[in-house]
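Residue numbers (the working numbering), protein chains in the order written: chain A, 1 to 399; chain B, 1 to 277.
Hints listed in this document are in silico derivations from the structure and should not be mistaken for laboratory results. Check the hints yourself; a few may be wrong.
Stated by the list, open to error - These stretches of chain A come out as covered by chain B in the derived footprint (C-beta under 8 Å, 3 or more residues):
no.: 1; region: 22 to 29
no.: 2; region: 284 to 296
no.: 3; region: 315 to 325
A virtual CB, placed ideally from N, CA and C, is assigned to each residue, including glycine.
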Amino acid sequence: MNKSRFTPDADGYYGEFGGAYIPEMLVPNITELRDNYLRIIESEEFRNEFHELLRDYSGRPTPLYFAKRLSEKYHTNVYLKREDLNHTGAHKINNTIGQVLLAEKLGKKRIIAETGAGQHGVATATVCALKGLECVVYMGALDVDRQAPNVIKMKMLGATVVPVESGNKTLKDATNEAMRDWINHPDDTYYIIGSVVGPHPYPDLVSRLQSVISDEISVQLNARIGRAYPDYVMACVGGGSNAAGGFYAFLDNPAVKLIGAEAAGLGVNTSKTAATLALGQTGILHGSKSKLIQDQYGQVIEPYSISAGLDYPGVGPLHSYLQAIGRCTYIPVTDQEALDAAMELTRLEGIIPALESAHALALLPKLNWNPGEEMVIILSGRGDKDMDTYSKYFDHESH
Amino acid sequence: MNRIDELFLRKQKSVLSVYFTAGYPELTDTALIISGLEQAGADLIEIGFPFSDPVADGPVIQASSHQALINGMNLDILFDQLRKIKETSRIPKIMMGYFNTVYQFKVDRFINHCVECGIDGVIIPDLPPELYEKDYRLLFESAGIHFICLVAPQTSPDRAKYVASLSRGFIYLLTSSSTTGNNYSPGINLPHPLIPSPALRSARGRGVMPALIGFGIHDQETFEMACRHANGAIIGTGFIRHLSANLSRQGEEQLSKYSRQQQINTLCENFVNQIRG
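So that you can see chain A by itself, here it is in the shape it has in the complex (with noise of 0.2 Å):
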């Protein structure tokens, strides 16, 4: 785990994103956790059983693959990071193993989550079932009927799946109601955020556990090309997490140009859109000052994308931090630009990614490169979750 510049002062700022905007009953939790988690995650102790998990339990180092038909179609040279195949299909793992490990040293004894698409859900009743603690996620009502296998999943792995009927029934709303427990349960419940968002110390410490992506990208990339760093880096951006753990040891290094690609849904000029950092204005929402897409009295608006997992209508702190100061490129995918390279990559690599990932591979025909030049995308996820959308999208294209 790198120390970088890019870590937050003491009140959980990057720059004037960030902080804390929790209300009083959140105080003593939050304050727990702020005071311990990095004497806890930097303690040999728990990096020895964080590395065995990762080693043992999800897979990693999950590989670095270079992919040749993708770059002969560009002209240069793509690297997937393959996040895919850790244990449950996602980056995700990475940051609820050493959540789960981090409650435990805490005393804590009930785990509770929110959830998208339902990779983090699965991630966290996963750990829960490992650790045999109890697990409650929430999980919008309307998610919970579009993405019923992770629901059989998180259920067969002993979670309670509580379906959010407030709001408009999405992760948002999902977030809501798993701070809301948290208020309720003051003393014997720990919160696995998902991503890089909520209320400091989660940005940091879910960028830190992440960060695992970044640092096995280096080593892999040193032992294949005799250079510990890429050109580029892309990755897609929902909150944030596996952007922020596969951008974080190349943040200091200048020669690396990052780029995420966020869900344009529609397009970033339609109302259907989740393009939170180029259509977002400075607010706070889950405890968090970032960008936000809201109305100008301060009601966030829902937000959408074809990716349940990119659904969200605010964003890490840390990435309007790096958009802000111009260390990251963001760029705006739309739905049928993740699906077409859905499609390109499973027909020239043999890998059906999620389609949160297609997002970041989307961004390859968009990008002026210099021939030759090394890039690597994180592959996040694993399509299968996705196969229903894949499935209606190719219908439609052989009508």
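Dock chain B against the given chain A, drawing on the hints supplied.
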């Protein structure tokens, strides 16, 4: 003098503060409900301004906020409504809502509007005291708008003292760590959550700061219990439920403004009488 301070100078016991969501059940009910509560003998009114994502609220206030937003409520409309009753309404008024709505309105502009519209205090549950002190305290205090802080049962004694030192008007004591309305069920084990913890006693130990107990107070029994431990209590969810159950949507009857005021007056009177016994 701020009317909240006037109230506590005049009255130290059984102070009843009632919360409602502005723009619920109907957009134009705000002034009618304020007038109704004032006439019914409430001591203090908390006017909730709705937010799309109210994380500290339970289902009842969530639903009223959601409906108020559908009805079109926003801070411009609400301040217009309050400005119109500024001269006629004398009861101390507090505005309560989430920080993002205030932040987008601009905090200094929000405070100016509060002053113009006869608001005495503000409660923003998700603006922690530390952030308030650093960025906004001077603005509030120089305008004479009281910023009221919350103390939870888990708040440590040291922190409770700190919070109490920033709070103006009174301290908002929570009965339990919970979202609003969570204890709203008859037959809950009452005395227990209402016995102030050492932290709460310590916060009040300064002797000058009044305290009101909120969250879970909903009937005469719980109100009296709260009044034994503090200067009074705050009722929100219970009142919203009462409104929802007894106040028809305007569309159904098309009452004149006069008769809707009569209806709301009766409803407020019944509610306050029930609580005071």
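A quick look at each hint next to the structure:
no., hint, in the structure
1, 22 to 29, "holds (count 6)"
2, 284 to 296, "holds (count 7)"
3, 315 to 325, "violated (count 0)"
Checked against the numbered hints above, the structure violates only hint 3.
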